[in-house]
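Colleague: From first to last, the protein sequence lines stand for chains F and D.
Numbering-wise (numbering that gives the first Met the number 0), the first sequence opens with residue 0 and increments by one.
Numbering-wise (numbering that gives the first Met the number 0), the second sequence opens with residue 0 and increments by one.
Treat the hints as calculated values from the structure; they're not laboratory data.
Beta carbons are placed, not taken as given, at the ideal position from N, Cα and C, and that holds for glycine.
Fair warning: there could be bad hints in the mix.
Calculated pairs, DSSO-like style, for lysine-lysine (alpha carbon to alpha carbon, straight line, at most 27 Å) [said to hold, decoys possible]:
no., chain 1, residue 1, chain 2, residue 2
1, F, K28, D, K160
2, F, K28, F, K97
3, D, K160, F, K30
Here are some chain D residues the structure puts well away from chain F; computed CB gaps all over 12 Å [claimed, not checked]:
no., residue
4, I6
5, P8
6, D52
Only part of the chain D face toward chain F is listed, based on derived beta-carbon distances under 8 Å [stated by the list, open to error]:
no., residue
7, Q11
8, L16
9, M61
10, W71
11, V74
12, P100
13, L103
14, P106
15, I109
16, M118
17, P120
18, S124
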Amino acid sequence: MEFIFELLIAFFLIVSGIFGFVGSFGMIKLKDPMSRLHAPTKATTLGVGGVLLASICHSVLIEGHLSLHELLITLFLFLTAPITALFIAKWHIHRHEKPEDLPDAGEDELWATHAVEQVEDVPDHSAN
Amino acid sequence: MELLRRIFPHPQLTILLTLVWLFLANAPSLNSLVFGLILGIIIPFVTQPYWPDRPKLRNWPMVIEYMLVVLWDIVVANVTVAKIILFKRDADRQPNWVCIPLELRTPEAITVLAGTITMTPGTVSCDLSAQGHNLLVHCLDTSDPDAVRDQIKQRYERRLKEIFE
Chain F
0 MEFIFELLIA FFLIVSGIFG FVGSFGMIKL KDPMSRLHAP TKATTLGVGG VLLASICHSV
60 LIEGHLSLHE LLITLFLFLT APITALFIAK WHIHRHEKPE DLPDAGEDEL WATHAVEQVE
120 DVPDHSAN
Chain D
0 MELLRRIFPH PQLTILLTLV WLFLANAPSL NSLVFGLILG IIIPFVTQPY WPDRPKLRNW
60 PMVIEYMLVV LWDIVVANVT VAKIILFKRD ADRQPNWVCI PLELRTPEAI TVLAGTITMT
120 PGTVSCDLSA QGHNLLVHCL DTSDPDAVRD QIKQRYERRL KEIFE
């Protein structure tokens, strides 16, 4: 029985390792900044999720007590990760994207980042 | 009833804070339950002025359904995106902006929708239009932005509308 439990825990650890690796590999392979932003979202969902599942399994099945710290870590990650992604994306739009290059914002005409007063002397990095 | 509302201005937050405290303590005991309840009563009471137009959550079964749908989508999307990163040539990838017209008007509901889109691999919510009527989403690889838009509206926005509005 112990063996099956260890197999299950090892499975979750390997899953998290694979997705953590793919997330970091994506940071190197993807070339444009907006696509790079996609890579860490994988590391924070299944990458961390796998470790947390393995940790819950270990404490319940092998140590024999219920541990729910892991649920809190998931909760805090899901609260904070989208905020950082949004901030990086907004920074990118502010510095590198022109209103013409983005899709039409419908009746509001501009996206919120462009609706503030534009600073003219922004260096142009849009080529990278 | 009025007195009860005054002591518990935000009953759901009270329950949430107590639960979070119990999870933090990580060992269920009367001690941590009592202290969690004390925090759960004091914090909503003190922060009450900061919640002027708090939305009412209706339809609790839908909340559970929404969480399960999102978790399932995260697993599926992780595999899809891993395939794109590992096996697709970078030149073949078609990154795209997608504009999602919002039917949701509650700020809290829009926040939840944007967070969900970001946490689902393959899409990142990037900006809101100036008056908050559209959401700008960046898609890692899609040849059909309209399909992405319809899927997000169908799977997430419809359910959030039932939960919040």
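Colleague: The structure should be examined with respect to each hint, and the outcome stated for every one.
Modeller: Each hint tested on the structure:
Only pairs whose Cα atoms come within 27 Å are accepted, and K28 of chain F paired with K160 of chain D is rejected, the gap being roughly 38 Å. Pair hint K28 of chain F plus K97 of chain F holds up; C-alpha atoms about 25 Å apart against a cutoff of 27 Å. This hinted pair does not check out: K160 of chain D and K30 of chain F have alpha carbons roughly 37 Å apart, beyond 27 Å. The Cβ of I6 of chain D sits about 26 Å from the closest Cβ of chain F, beyond the 12 Å cut-off, so the non-interface label holds.
For P8 of chain D, the non-interface assignment is confirmed: its Cβ lies about 22 Å from the closest Cβ of chain F, beyond the 12 Å cut-off. Every C-beta of chain F lies more than 12 Å from that of D52 of chain D, the closest at about 20 Å, which supports listing it as non-interface. Hint status for Q11 of chain D relative to chain F: violated, with the closest Cβ pair at about 15 Å, above 8 Å. With a cut of 8 Å, the hint placing L16 of chain D at the interface with chain F is violated, because the nearest CB-to-CB distance is about 12 Å.
At its closest, the beta carbon of M61 of chain D sits 18 Å from a beta carbon of chain F; the interface hint therefore is violated under the 8 Å criterion. Taken as an interface hint, W71 of chain D does not check out: its beta carbon lies about 12 Å from the nearest beta carbon of chain F, beyond 8 Å. A least Cβ separation of about 7 Å between V74 of chain D and chain F falls short of the 8 Å threshold, and the interface hint therefore holds. Of the supplied interface hints, the one on P100 of chain D holds, with its beta-carbon coming within about 6 Å of a beta-carbon of chain F, less than 8 Å.
Hint on L103 of chain D is violated. Least Cβ distance to chain F is approximately 14 Å, over the 8 Å limit. With a least beta-carbon distance of about 13 Å to chain F, the hint placing P106 of chain D at the interface is violated under the 8 Å criterion. Interface hint at I109 of chain D: violated, since its Cβ lies 12 Å from the closest Cβ of chain F, which is beyond the 8 Å cut-off. Annotation: interface hint on M118 of chain D holds; nearest CB of chain F at approximately 6 Å, less than 8 Å.
With a cut of 8 Å, the hint placing P120 of chain D at the interface with chain F holds, because the nearest CB-to-CB distance is about 5 Å. Annotation: interface hint on S124 of chain D holds; nearest CB of chain F at approximately 7 Å, less than 8 Å.
Violation of the numbered hints given earlier is confined to hints 1, 3, 7, 8, 9, 10, 13, 14 and 15; the remaining hints are satisfied by the structure.
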